[in-house]
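Sequences listed follow chains G and P, in order.
Numbers 1 to 299, taken from the numbering used here, label the letters of the first sequence in order.
Numbers 1 to 299, taken from the numbering used here, label the letters of the second sequence in order.
It should be emphasised that the hints constitute simulated quantities derived from the structure, not laboratory data.
Among the hints, a few may not be true.
Note that the list lumps identical chains together, so a pair holds whenever it fits in one copy or between two copies.
What the hints assert, rightly or not - Using 20 Å as the maximum straight-line C-alpha spacing, the simulated SDA-like pairs for lysine to any residue come out as follows:
id, residue 1, residue 2
1, K292, P16
2, K279, R258
3, K130, G93
4, K235, S80
5, K45, D290
6, K28, E84
7, K95, G106
8, K45, P16
9, K238, G81
10, K45, V15
Protein chains: 2
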Amino acid sequence: MLDVCLLGCGGSMPVPNRYLTSLLVSYKGRKILIDCGEGTQVSMKIVGSGFKSIDAILITHFHADHIAGLPGILLTIANSGREEPIYIVGPPGLKNVVEGLLTIVGGLPYELRLIEGPNSDIEISDFKIKTLPLEHTVPCLAYSLYIRRRPKFDAEKAKERNIPIQLWGRLQNGESVILEGREYKPQMVLGEERKGIKLCYATDSRPVFSLASFAKDSDIFICEGMYGDIDALEKAVKNKHMLFSEAAFLAKEGKVDRLWLTHFSPSLLEPEKYIENAKNIFENTQIGEDRKVISLKFK
Amino acid sequence: MLDVCLLGCGGSMPVPNRYLTSLLVSYKGRKILIDCGEGTQVSMKIVGSGFKSIDAILITHFHADHIAGLPGILLTIANSGREEPIYIVGPPGLKNVVEGLLTIVGGLPYELRLIEGPNSDIEISDFKIKTLPLEHTVPCLAYSLYIRRRPKFDAEKAKERNIPIQLWGRLQNGESVILEGREYKPQMVLGEERKGIKLCYATDSRPVFSLASFAKDSDIFICEGMYGDIDALEKAVKNKHMLFSEAAFLAKEGKVDRLWLTHFSPSLLEPEKYIENAKNIFENTQIGEDRKVISLKFK
Numbered sequence: 001m002l003d004v005c006l007l008g009c010g011g012s013m014p015v016p017n018r019y020l021t022s023l024l025v026s027y028k029g030r031k032i033l034i035d036c037g038e039g040t041q042v043s044m045k046i047v048g049s050g051f052k053s054i055d056a057i058l059i060t061h062f063h064a065d066h067i068a069g070l071p072g073i074l075l076t077i078a079n080s081g082r083e084e085p086i087y088i089v090g091p092p093g094l095k096n097v098v099e100g101l102l103t104i105v106g107g108l109p110y111e112l113r114l115i116e117g118p119n120s121d122i123e124i125s126d127f128k129i130k131t132l133p134l135e136h137t138v139p140c141l142a143y144s145l146y147i148r149r150r151p152k153f154d155a156e157k158a159k160e161r162n163i164p165i166q167l168w169g170r171l172q173n174g175e176s177v178i179l180e181g182r183e184y185k186p187q188m189v190l191g192e193e194r195k196g197i198k199l200c201y202a203t204d205s206r207p208v209f210s211l212a213s214f215a216k217d218s219d220i221f222i223c224e225g226m227y228g229d230i231d232a233l234e235k236a237v238k239n240k241h242m243l244f245s246e247a248a249f250l251a252k253e254g255k256v257d258r259l260w261l262t263h264f265s266p267s268l269l270e271p272e273k274y275i276e277n278a279k280n281i282f283e284n285t286q287i288g289e290d291r292k293v294i295s296l297k298f299k
Numbered sequence: 001m002l003d004v005c006l007l008g009c010g011g012s013m014p015v016p017n018r019y020l021t022s023l024l025v026s027y028k029g030r031k032i033l034i035d036c037g038e039g040t041q042v043s044m045k046i047v048g049s050g051f052k053s054i055d056a057i058l059i060t061h062f063h064a065d066h067i068a069g070l071p072g073i074l075l076t077i078a079n080s081g082r083e084e085p086i087y088i089v090g091p092p093g094l095k096n097v098v099e100g101l102l103t104i105v106g107g108l109p110y111e112l113r114l115i116e117g118p119n120s121d122i123e124i125s126d127f128k129i130k131t132l133p134l135e136h137t138v139p140c141l142a143y144s145l146y147i148r149r150r151p152k153f154d155a156e157k158a159k160e161r162n163i164p165i166q167l168w169g170r171l172q173n174g175e176s177v178i179l180e181g182r183e184y185k186p187q188m189v190l191g192e193e194r195k196g197i198k199l200c201y202a203t204d205s206r207p208v209f210s211l212a213s214f215a216k217d218s219d220i221f222i223c224e225g226m227y228g229d230i231d232a233l234e235k236a237v238k239n240k241h242m243l244f245s246e247a248a249f250l251a252k253e254g255k256v257d258r259l260w261l262t263h264f265s266p267s268l269l270e271p272e273k274y275i276e277n278a279k280n281i282f283e284n285t286q287i288g289e290d291r292k293v294i295s296l297k298f299k
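Based on the provided sequences and hints, a complete structural model is requested.
Spelled out as structure tokens, the structure:
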């Protein structure tokens, strides 16, 4: 089960009761944060989340509303007793930005491992992570996270191949075993690949066609909707953001299961007023709000 | 009238409903921030404060709980339409830290003027600012802010010296005037100096004797009290912080009017439980809390 919690849904500047952009994703107790605007650690505390099992922080881009919470998060993780390395992934320039922010952090009891994207071959814990360059005012990456589903155990196949029954469990768990000089591999007892769970997260950007393919078949597509109404199109074009309708169009093209809108303009105090602008295009749209959660299961 | 608002009273890490360390001081519509931990701009929005008239940000030291809110504040000030320069004051190393944090800020529509302390000869708007090095794990400064009070107008003195009555108002306002070849100076019509308003702010530090002199006769002394109870003395010594009783001792020695305790440990969820530990030493002690305010008048 992939647990998703939208820690903050605010863009640009915080408004009271709306934290800046951040998403928390957990699978089997291991956590990944995507973006961490100012206040992210407070929002995590409000949901009662621990900090020690955060294995990676993925940064879309280096605007303060997406990353200013990083120093605080790193210190609070340190305080949780973490000693294992933490990955920080981000667009080009990551090293310079992280070094800049570390001037107010001091020593950390764990190593930071930086991965500068674009990079679509990242594996952290059980997460397979891909990135896609977006179209914003600075280099910006969308992320997709994929949890692979283990193929079904095929008892017939195991019997046909005379696999000793005491090895079934280990093979089923993906382990290779050598017994009495013969090597047994998981594929000897496993059936066909099954679809895993896919999450796609994209902010900030103008709509780009490649994003629809990148988000293809996601269980959840979390996408910026800086402005609700078509009247804001000029602003959206100028500031390189999206309207609700543009995010919905991408969701439809990508045939995703559901769309959550996020990263609302501080002037958009009641985003739900504009939801029909998205639903008219993609029915299963929901307005994001701070600490909105969903648990996604394998189908 | 000097308006004081404790925007955040949390030390180290935020806890829900307790913002990190920051103080807002306003006089005649001009504002100074002392420290700006993560979330400071949200606390300012909650009290309905504007951002455009912030003339200076004074940083005690470069731990994230005192400065991580700086990028967000600078951007929100930019968004308010500010174009006049802003002063940032801090201990040695300021330039490096500000440059580091600016990696996530981009261009600002105003100039930043940095003043690296210790420096006790700073004048910004009507504020006379002094600094005092403290004893923390990194270089750290206490700040005192002083608003000078104009001496009383002395009509007898003015009459004795045959000052033309039409000049009285301008001289009283501190202006020098030349009329018919004669120079008139404010001191010709003004009485003795009168005590102004003094605020002293000190966090983080072990108690140092020089701080009592530095805070001398303050109308308000805002001082860290990381721990409430004497049982925490070992921790306070190790982490270079103060107990409530130590802050109270400094307040008493400095003969200040009132003491506000701030910068509470995240483990100190009910600081008011320990107030007697301070009051036994210095009666006019109050427990700081987020957005606690006071307006200080000339006496």
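Going through the hints against the structure:
{"no.": "1", "hint": "K292 x P16", "in the structure": "both (17 Å within a copy, 17 Å between copies)"}
{"no.": "2", "hint": "K279 x R258", "in the structure": "within (11 Å within a copy, 58 Å between copies)"}
{"no.": "3", "hint": "K130 x G93", "in the structure": "within (18 Å within a copy, 39 Å between copies)"}
{"no.": "4", "hint": "K235 x S80", "in the structure": "between (42 Å within a copy, 18 Å between copies)"}
{"no.": "5", "hint": "K45 x D290", "in the structure": "both (13 Å within a copy, 18 Å between copies)"}
{"no.": "6", "hint": "K28 x E84", "in the structure": "within (17 Å within a copy, 52 Å between copies)"}
{"no.": "7", "hint": "K95 x G106", "in the structure": "both (16 Å within a copy, 16 Å between copies)"}
{"no.": "8", "hint": "K45 x P16", "in the structure": "both (17 Å within a copy, 7 Å between copies)"}
{"no.": "9", "hint": "K238 x G81", "in the structure": "between (44 Å within a copy, 19 Å between copies)"}
{"no.": "10", "hint": "K45 x V15", "in the structure": "both (18 Å within a copy, 7 Å between copies)"}
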